[in-house]
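**Student:** Listed below, chain by chain, are the residues.
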Amino acid sequence: MTGRPAAVAAFGKVIANELVSSAFHRLDVVLDVPFAFLPGQFVMINEPGPRAWTFSRPFSILAGDGDTVALLYRVVGRGTAALAALGPGSPVSVLGPLGEPFPAPAEGQVTVLLGGGVGLPPVFAWWRRWGQPGDAACFGARHAGEVPWGLLGDTWRVSVDDPAGLAAGHRAASGVVTSLVADDAELPDGPRVVTLACGPWPLLRAAAALARRRGWRCWVSLEEHMGCGYGVCKGCVVRVADGGHERNATCCQDGPVFDAERLPGLVGSDLPTCGDGPTGAKGGCA
Amino acid sequence: MKRPDWWRSDATAPFRLGPRMLPGRVWTASGCFGYGLAAHDFTAADCASPYAGLGAVVTKTVTPLPREGNPMPRLVETPCGALNSIGLENVGFDAFLTTVLPELEARGVPTIVSLAATTPEDFGPMVRRLHDAASGFRHWHGVELNLSCPNVAEGGHDFGSSPATVARCVAAARADLPDRALLAKLTPNTADIAQLAVAARDAGVDAVSAINTVVGLDVDLRTGQPYLPRRFGGYSGAAILPIALAKVDQIVRGTGVPVVGVGGIATVEDALKFFALGAVAVQVGTAQMRDPFAAARVAAALGQWSSS
Ligand SMILES: Cc1cc2nc3c(=O)[nH]c(=O)nc-3n(C[C@H](O)[C@H](O)[C@H](O)COP(=O)(O)OP(=O)(O)OC[C@H]3O[C@@H](n4cnc5c(N)ncnc54)[C@H](O)[C@@H]3O)c2cc1C
Ligand SMILES: Cc1cc2nc3c(=O)[nH]c(=O)nc-3n(C[C@H](O)[C@H](O)[C@H](O)COP(=O)(O)O)c2cc1C
Ligand code: FES
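Top to bottom, those sequences are chains A and B. Going by the numbering used here, the first sequence opens with residue -8, and the numbers climb by one from there. Going by the numbering used here, the second sequence opens with residue 61, and the numbers climb by one from there.
The hints are simulated quantities; they were obtained by calculation from the structure and are not laboratory data. Glycine residues also receive a C-beta, built at the ideal position from the N, C-alpha and C atoms. Possibly wrong hints are sitting among the right ones.
[Claimed, not checked] Taking CB as the label site, the calculated pair distances span:
1) B/163 to A/153: 51 to 61 Å
2) A/238 to B/366: 41 to 51 Å
3) A/25 to B/128: 34 to 44 Å
4) A/25 to B/313: 46 to 56 Å
5) B/128 to A/69: 29 to 39 Å
6) A/158 to B/128: 26 to 36 Å
7) B/283 to A/133: 22 to 32 Å
[Said to hold, decoys possible] Computed from the model, here is a short list of chain B residues facing chain A with C-beta under 10 Å:
8) 67
9) 68
10) 128
11) 136
12) 139
13) 236
14) 349
15) 352
My request is simple: use the sequences and hints to build the entire structure.
**Tutor:** Here you go:
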């Protein structure tokens, strides 16, 4: 908890809000107050005033600098559809940064970053802040059109479920994102390697299983339905292991980043139930 | 907005509620601002602090034993409000007394403790222990009995809709609370809320809080099943403002019992409607979840008229 930057309730104006791939929009907002965050943290977004939705919507922070914040999102429902309709100059309210970030790198750490779909922002932000040449930054998408190539540049390894339509000059393996590093001999076995993952539930499960197999440490960023985003409503609980017990933790305040070994829903069962999250809800950051 | 001509009070000035002076008339509602500690370091360009000008934070309801609450999902957004089925997840009375309440006192947060119990007689021992632990606290102002949470099978619905049971709960609490404000929070899910208010007053409350959430349900059309695993949830937010106003009016005009208005308040205009009907104070619930400064903004808007 300590060391997290304090949250601001800010008013922002949209600077840009554009598609960066066939499925992902990038939203850039300038705020009325200074903004600092740690990679893995998120913000709650809403329209200010009478058009506000009852609950703000959580989005991981892709980038933030001084008084700007950038998000990457996919349209899935009415909130994200309304977001996609905001043009430059539109007002938005922003509460954040919120939540537990990914850990900063330890001395000598080698990091495997695994982002799936709109689970990219927290691992992307980590990479931008702390990435080292020996790290493996990996992104997975359903198909080539979804990949935000301009954002990733050529340091990111990319995998797609379906390689059809891959444009010349773009490289992507076919398969799940964990396959990009599963048998990478350059990455040592053991806890010097730390995996940071965010994406749909099957990705998180695969990341946790791979980390276990290779003795890596693994942190995952979860997604739960949220009300407040700052720990007051208990609308976002996930089950975590605590000593020999299980207890509720809030995804918004105790998470969204958790040690994979502490999530019984992630590592406890070997029956992957696609799309089922730790508490029966939707699952990972996608 | 401009101050309406009929409004002459200062909602941010201290006022008397039963045996206690409270610092102001704009409060946060139970369950929508946690225990009042999560936002202590939040800032905003246009508001000094989430606590500025607040008369009280009503804590999340605390029960004798810790509760893990209901299965997820617990929240469903509706076009003008939300359904919740949190299930009174809370740390339990012991942890509340030893860790939460002292921190609220240390931070100077004006506090009203919301309590729920399984039987009316449980309230007596809880209030006694609260009094023993916190009688020297300056910022602990009172107790709100949650007699109305519709989510909890063993408490909830029936428990708070019988005037006789309401009276037993209030009497049990009042006996050990001589010098703090005592409120009973009433359910709207009843035919005659005024009758409940009268029972609460006759048993010794200083005011009633009205309303708690309205029983509601929403269906997930992908599955044809209710969204919430428990089927029903508590409906709150902008949609219930007119229901809350009607219930407050029934109590004020029908009985004269002092009322703290709750339900759908997000702005100073919303709050003024309750004051216009005679509410002695107001609470901001669901709106506080999207904006930790919501109640403070309402208080600031009302406070600026005190000097004009
Ligand atoms: C910590 C965190 C970080 C997130 N980061 C991102 C991000 O960087 N980019 C991004 O695109 N999305 C992100 N999300 C997911 C995003 O918040 C949801 O997509 C958004 O709230 C949906 O809003 P909506 O109004 O469009 O959808 P709604 O109309 O509310 O819902 C559409 C569908 O999505 C489901 N749903 C809604 N919210 C959630 C949720 N939080 N979890 C699971 N299912 C949900 C609903 O049940 C419904 O089926 C994040 C979520 C969390 C909790
Ligand atoms: C998520 C949530 C949790 C709540 N928890 C409690 C509670 O623990 N005790 C209680 O008395 N009321 C609880 N309430 C009810 C509110 O205090 C309030 O009475 C109700 O929501 C109506 O006000 P609103 O429309 O401003 O939210 C809760 C409401 C919500 C939305
Ligand atoms: S969303 Fe309210 S506690 Fe997490």
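**Student:** State for each hint whether it applies.
**Tutor:** Status of each hint after checking the structure:
{"no.": "1", "hint": "B/163 to A/153: 51 to 61 Å", "verdict": "53 Å, holds"}
{"no.": "2", "hint": "A/238 to B/366: 41 to 51 Å", "verdict": "46 Å, holds"}
{"no.": "3", "hint": "A/25 to B/128: 34 to 44 Å", "verdict": "39 Å, holds"}
{"no.": "4", "hint": "A/25 to B/313: 46 to 56 Å", "verdict": "50 Å, holds"}
{"no.": "5", "hint": "B/128 to A/69: 29 to 39 Å", "verdict": "31 Å, holds"}
{"no.": "6", "hint": "A/158 to B/128: 26 to 36 Å", "verdict": "51 Å, violated"}
{"no.": "7", "hint": "B/283 to A/133: 22 to 32 Å", "verdict": "24 Å, holds"}
{"no.": "8", "hint": "67", "verdict": "21 Å, violated"}
{"no.": "9", "hint": "68", "verdict": "27 Å, violated"}
{"no.": "10", "hint": "128", "verdict": "6 Å, holds"}
{"no.": "11", "hint": "136", "verdict": "9 Å, holds"}
{"no.": "12", "hint": "139", "verdict": "8 Å, holds"}
{"no.": "13", "hint": "236", "verdict": "29 Å, violated"}
{"no.": "14", "hint": "349", "verdict": "4 Å, holds"}
{"no.": "15", "hint": "352", "verdict": "6 Å, holds"}
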